[in-house]
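Undergrad: Let the hints inform the model, and build the full structure from the sequences given.
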Amino acid sequence: MEVRVQNIRKEFSRFPALNDVSLDIRSGELIALLGPSGSGKTTLLRLIAGLESPTEGTVYFGNEDASRKTVQERNIGFVFQHYALFRHMTVLDNVSFGLTIRPSGRRPAKAEIRKRALELLDLVQLSGLEKRYPAQLSGGQRQRVALARAMAVEPNVLLLDEPFGALDAQVRKELRRWLREIHDRTGHTTVFVTHDQDEALELADRVVVMSKGKIEQIGTPDEIYDTPNSPFVFGFIGQSNILPVRVENGQLWIKDHSIGVSAQGEADGPAQLYFRPHDIELLEGNGGCIAGIVTVTRRVAGTRHVELDIGGANSRVEIELPPEKVTADHSRVAFRPTRWKLFRD
Amino acid sequence: MTARTASLWQFRQPSVIPGFGLALGVTLSWLILIILIPLSGLAWRSSALGWSTFWALATDQRTINALRISFGTAFAAALINVVFGVILAWVLVRYRFPGKRIIDAMVDLPFALPTAVAGIALTTLYAPNGWIGSLLSPLGIKIAFTPIGIVFALVFVGLPFVVRTVQPIMEEIDKEVEEAAATLGANRFQTISRVLLPGLAPAVLTGFALAFARGVGEYGSVIFIAGNLPYVSEIAPLLIVIRLEEFNYPAATAIAAVMLIISFAMLLIINMIQAWSRRRYGYGA
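Which chain is which? The protein sequence lines are A and B, in order. Numbering (this note's numbering) for the first sequence: 138 to 482. Numbering (this note's numbering) for the second sequence: 11 to 295.
None of the hints are false.
Here are the simulated BS3-like pairs of lysine-lysine, each with C-alpha atoms no more than 30 Å apart in a straight line:
| # | chain 1 | residue 1 | chain 2 | residue 2 |
| --- | --- | --- | --- | --- |
| 1 | A | Lys247 | A | Lys268 |
| 2 | A | Lys206 | A | Lys349 |
| 3 | A | Lys310 | B | Lys185 |
| 4 | B | Lys185 | B | Lys110 |
| 5 | A | Lys310 | A | Lys351 |
| 6 | B | Lys185 | A | Lys268 |
| 7 | A | Lys268 | A | Lys310 |
| 8 | A | Lys349 | A | Lys310 |
| 9 | A | Lys268 | A | Lys252 |
| 10 | A | Lys349 | B | Lys185 |
| 11 | A | Lys247 | A | Lys206 |
| 12 | B | Lys185 | A | Lys351 |
| 13 | B | Lys185 | A | Lys206 |
| 14 | A | Lys462 | A | Lys478 |
Bear in mind the hints are in silico, worked out from the structure with no lab data behind them.
TA: Below you can see the structure in the form of structure tokens.
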């Protein structure tokens with residue numbers, strides 16, 4: 138189901154956690170709310186769920202105003218970071234819970250509930266564990282039970298609050314891929330909160346980057362990574378270098394020399410140059426480049442990270458080179474950014 | 011070979027926490043001194059009676075009635091305490107209201123108050139000419155000097171046991187579990203009855219066991235309100251004292267031994283139920 142958030146404002150004891158946030162979530166979409174802690178992403182998720190109520194603004198499920206509805210009436214599925222399983226119930230009872238508590242008119246027959254719960258456990262690859270108690274499962278298994286439990290009520294929208302936050306890296310990665318598969322198979326509209334950019338970029342159809350209670354940018358992972366529209370997004374997603382530069386006659390200058398990057402159409406004046414460590418080309422010679430002295434090199438997986446001191450204040454730059462390119466400490470390296478963005482204060 | 015014998019005889023596992031031997035030694039000596047020696051003295055004295063004498067003393071009608079009253083009233087009082095103790099703990103954990111700290115402190119009063127004082131106070135209230143008793147006696151309800159009065163006294167002394175065992179576990183309940191139930195469509199009543207209370211079962215059981223054990227052994231508060239009519243409202247601990255005052259040591263020993271056996275069996279069963287539920291729900295695992 139389509140979910141629309143319109144001009145939502147939420148204050149906690151006069152402190153605004155969300156400030157005029159609007160967001161359209163398309164039916165069947167897998168969308169990530171990404172941001173540092175305190176950015177309001179969890180608050181937004183809980184507002185959609187109805188676990189919090191907005192100070193101002195409206196939440197629509199389809200064309201229906203859901204703002205006045207209670208959590209129970211909204212029929213959502215919510216997965217918590219720490220699973221929040223009912224520990225006195227077996228896995229099967231946990232998954233069936235949402236169906237067994239329905240008023241008798243809307244409650245499926247016992248056998249039907251059992252059948253559906255077992256199907257869901259099969260979907261989350263936990264067949265055969267239905268008689269276990271949550272305490273007897275690993276973290277990854279518990280989170281899969283939590284997901285099955287949330288899906289059992291056939292929710293309008295599936296909301297996941299840092300679902301993999303409490304798991305170790307290996308399990309995280311595995312569950313990430315698996316969640317994508319489940320989503321593709323079931324087609325639930327899904328919103329998940331994360332502070333892990335890899336998770337957001339890898340998993341989501343669209344990513345919503347949030348900061349300080351506001352949405353900074355909404356876009357596909359490619360758009361977010363390749364064309365960040367604010368210094369915050371550029372700095373928060375991936376690695377980045379920031380250099381103070383000057384625009385003069387469509388050329389970029391650092392102090393008194395041109396770095397050989399043309400910025401046609403940019404107004405003259407000071408600006409901040411943002412570029413990613415891998416969006417560079419190495420150059421020979423002296424003119425039209427950024428040159429620096431190697432201070433540290435680190436081998437990180439398939440690339441070599443080289444830190445350069447290019448002189449002057451705020452002058453440390455990190456670039457990525459192919460691993461076979463060995464640079465001695467204190468040697469000189471010259472490069473030019475191939476993809477970059479200017480932001481002005 | 012030496013390695014093998016060592017591992018066979020190795021009672022303690024290598025551990026980073028030192029002092030296991032010392033701690034266990036102190037624990038065992040203390041248990042022996044405080045609990046085991048007095049109790050084995052009791053067992054030894056009753057075994058000296060011989061089986062047929064013991065059986066005759068233990069199955070004496072007055073003894074059986076006294077035991078029935080003791081265990082029955084303790085059981086009833088523990089059940090009442092479970093219901094109201096859980097409600098009281100819930101109020102103390104969940105709500106903020108003026109005077110909460112005072113109520114919280116009042117819960118412990120039965121621990122500290124001399125039980126005889128409590129017994130006398132309750133008797134004054136519930137006796138046919140007391141404040142509450144005088145209101146009830148025209149309706150034909152008698153509380154003091156009946157088993158009901160005993161239950162009242164035991165409810166008083168047992169309440170803190172339930173509240174103080176349930177309260178910390180209740181405080182640990184994760185807000186997310188309640189929210190999870192709500193997102194799945196559970197209303198408030200369903201959340202409490204199907205999610206929260208079952209999760210508290212092990213703690214409630216512990217509180218019940220403690221209140222029950224306390225009730226079985228209670229003496230001071232009961233003897234004032236019970237009226238102590240033989241066969242009707244005479245508790246087993248009182249009967250033991252009566253037998254002692256008659257210098258009838260064999261009879262006193264026999265009653266004590268029977269109480270000990272029944273209490274031990276009941277507490278053992280409760281403990282086993284607890285261990286089982288703990289294992290299942292993963293408490294303390």
